[in-house]
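**Q** Quick mapping for you: the protein sequence lines, in order, are chains A and B. For the first sequence, my numbering assigns the number 2 to the initial residue and increments by one for each residue that follows. For the second sequence, my numbering assigns the number 5 to the initial residue and increments by one for each residue that follows.
Please keep in mind that the hints were generated in silico from the structure rather than gathered at the bench. You may find that some hints are simply not true.
Derived DSS-like pairs (lysine-lysine); straight-line CA-CA distance at most 30 Å [as the list claims (entries may be wrong)]: (1) B:LYS189 - A:LYS15; (2) A:LYS112 - B:LYS354; (3) B:LYS354 - A:LYS206; (4) B:LYS354 - A:LYS210; (5) B:LYS116 - A:LYS243; (6) B:LYS269 - A:LYS210; (7) B:LYS356 - A:LYS206; (8) A:LYS112 - B:LYS96; (9) A:LYS118 - B:LYS96; (10) B:LYS444 - B:LYS72; (11) B:LYS356 - A:LYS118; (12) B:LYS441 - A:LYS8; (13) B:LYS189 - A:LYS113; (14) A:LYS3 - B:LYS116; (15) B:LYS441 - A:LYS118; (16) B:LYS116 - A:LYS247.
Values in this document were obtained by computation on a predicted structure and should not be read as measured data.
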Amino acid sequence: MKTATFKIWRGDAKGGEFHEYPTDVAEGMVVLDAVNQVQAMQAGDLACRWNCKAGKCGSCSAEVNGMPRLMCMTRLSELPLEKPITIEPMKAFPVIKDLVTDLSWNFRVKKKIKPFKPRPPDAPDGTWRMQQEDIDRVQEFRKCIECFLCQDVCHVLRDHQLHEKFIGPRFLIHVAALEMHPLDTEDRIEELRNAQGIGYCNITKCCTKVCPESIQITDNGIIPLKERVVDDFYDPFGWVWKRLKKLLNR
Amino acid sequence: MPDYETFEHDVLVIGAGGAGLRAAIEASAAGVRVGLVCKSLLGKAHTVMAEGGIAAALANVDERDNWKVHFADTMRGGQYVNQWRMAELHAKEAPDRVRELEAWGAVFDRTKDGRILQRHFGGHKYPRLAHVGDRTGLEMIRTLQDYGVHQGIDVYMEHTILCLLKDGDRVIGAFGYERERGRFKIFRAKAVVLATGGIGRAYKITSNSWEYTGDGHALAYDAGTELTDMEFVQFHPTGMVWPPGVMGILVTEGVRGDGGILTNKEGKRFMFDAIPENYRAQTADNEEEGWRYCQGDKDARRPPELLTRDHVSRCIVREIKEGRGSPHGGVFLDISWIKQKMPNAAEYIKRKLPSMYHQFKQLADIDITEQPMEVGPTTHYIMGGVRVDPDTQMTRLPGLFAAGECAAGINGANRLGGNSLSDLLVFGKRAGEFAAKFAKENSLGKIRKDQVDIVAREALEPFERNDGENPYAIQKDLQEAMQNLVGIVRNEGEMHEALERIGNFKTRAEKAAITGNREYNPGWHTALDLKNLLTVSEAITRAALERQESRGAQFREDYPYKVDAFGKVNTIISKASDGSMLVRLEPLPAMPDYLKQVMEENG
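So here's chain A without its partners, still in its complex pose:
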């Protein structure tokens, strides 16, 4: 059986270093398999998160050879195994231990976003009517598995650490899903412009590139939101019309 070496970052908030673990590799293995194998046989206390192992839960985010990836969806066959494979925790969040980072900021941010507020039901039985073509875009955004790789790679968060001023691509997409939901009556534009800091995004599309769900975060989500912010702020007639429409909907 072939072996490969994995250089895994071990440490905590105080600091750490790479440790090398040689381990057997079999056909079809993914990076998470290798990490679990190291855990089971060499380093029982190696901390990492994982759940579904099928790219559906977004728990096993890490940086593999410098690239933000889901470990469960990164096959060893796509990596140069003749050299050690480096595995590090995400950089945009504080380290807890080894590959596990403190993601609590993300949960706090989400809680501050105004929740879904539907219009009154369309039918007497309390249900609504929506056409498939009107929800395709929202469904694209709702594919998000909250792996936070887009947050990790966003330079506003990763390099400039502006976590208090900018909610990051994940939550811009969350806002977009709410704003474009055909039933929603809430208005989140003012917050987008101010507290949520949409202006910080300068459309480098790094988030879109790493999204394991291939959500067109920038083109389909952030840019239309930016347009709404601009329309809302600089177009007084549009502003009045929109408020009126919301009132009527209620």
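Since the structure of chain A is provided, determine the placement of chain B on it from the hints.
**A** For chain B alone, kept in the frame of chain A given last:
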């Protein structure tokens, strides 16, 4: 004696998948203070993996559907050992629970007239599963999560409960640890809801993640209440078999609902060979009719690929055993063949089954629009669990409730696909409602510090042993033993051997040793989870031995047929005063006449 950080709630919900979240939301709506404990981060529970849909007789696609048909389908699928009252409540209430999700922001796929679309699934007479492509579970958990976080619920992420706390017979809280620092915590509560999910990690090939170690089952059993139907473990017919690293990962039944067929290496659709008598009248007897059914022809009967999961799994095992399997020890599941039937098949497949397309492309280099998949059975779900009152979800211990997969009753001997997500919603809500009611009528109990200290001391023992065994190795051996000896095909000799091995594993688990410290240490967590895994493994084996027949998910090669007497009883597991495990048979409650009539009308 150490002090532990202590939290107080009216209702404590343990587990934050669909059932736990729904229970927490309901309890909170009743005006009580709610704590929600998750083993992982919020939104990562196994509900997220559910693919096909939520079964509810909305009748949006076929107006002939109603709760009575759903009830009859559920009872037939469960081989009539379900708790009829749970099946009734489930069928009646599921539509409201689905509509409620839409009001909370869920975006289901639509019918042409703009209503919630429903798809075909195994064992359901009409298209009944509300869905979002093949990621319905994600939609459901995200909707509950995003709604739930605004309801004033205190969420404790990455916390694991080690034991329930009691004051006399009453359950008054729980004791556990947080993963990050490894600190112990006491949760005081007037009522506790278990919603911990399943037991899949007891088996080697499973679709379940590391979390599913039967925690709720074992917590309830150790606290002194009963488990039931534990012999019924669902082996989902279609898990991935290749490459080895992904073995067991689920392939949704939606593939078959949308026209996918099962073939052996001779290219034969083997599911036509053995259609069970009680399904013959509603199953297609030729390929053409099966295809028409998948295309929505209301006069057509469903293809045999959509028979119940227990049956399909056994047919697959038969093909493999008799040498007609695929190269990597499975059979073929083919959706690409529909290109013979429709012009834009590839687009259709990618739209209906996007995550399956992605999963096979990325993990196995297979393009499912062009090639067949290789699939085989994988441990997926347990029908058995904590015995509860059908209406309130309360166990025999006052103040202790259970809902979702860790509770039992609705599914009987086999669960229909799609009935799990609806079960989580219907009985999660009920558990939350009645736990809140109980909490309002009762006060906080008295914690016995000495009880807590014993559990804490035991939990730390793996750190103190210098030359003990690696807990991962014990877990692996247990998984192999259960897979080989208490799997899809069972017999008395092998199960006695399993019991003996489980006894040995217990001795080994008591000597498990770990390295490192208490901070986020998966080795330690694995060592602690072993106890629960061993409890549920023993319960499954003892219940399976007691049921000397084949029914639903339980197949005994030494008793290959159904036995009428066993069709009237459930197995009940409880803990004797000396700590040993007891198993007994108990008669099913008699079904009232109005439901008997429903069964007859929908035969």
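**Q** Tell me, in ascending order, the numbers of any earlier hints that this structure violates.
**A** Violated hints: 2, 6, 8, 10, 12, 14; rest satisfied.
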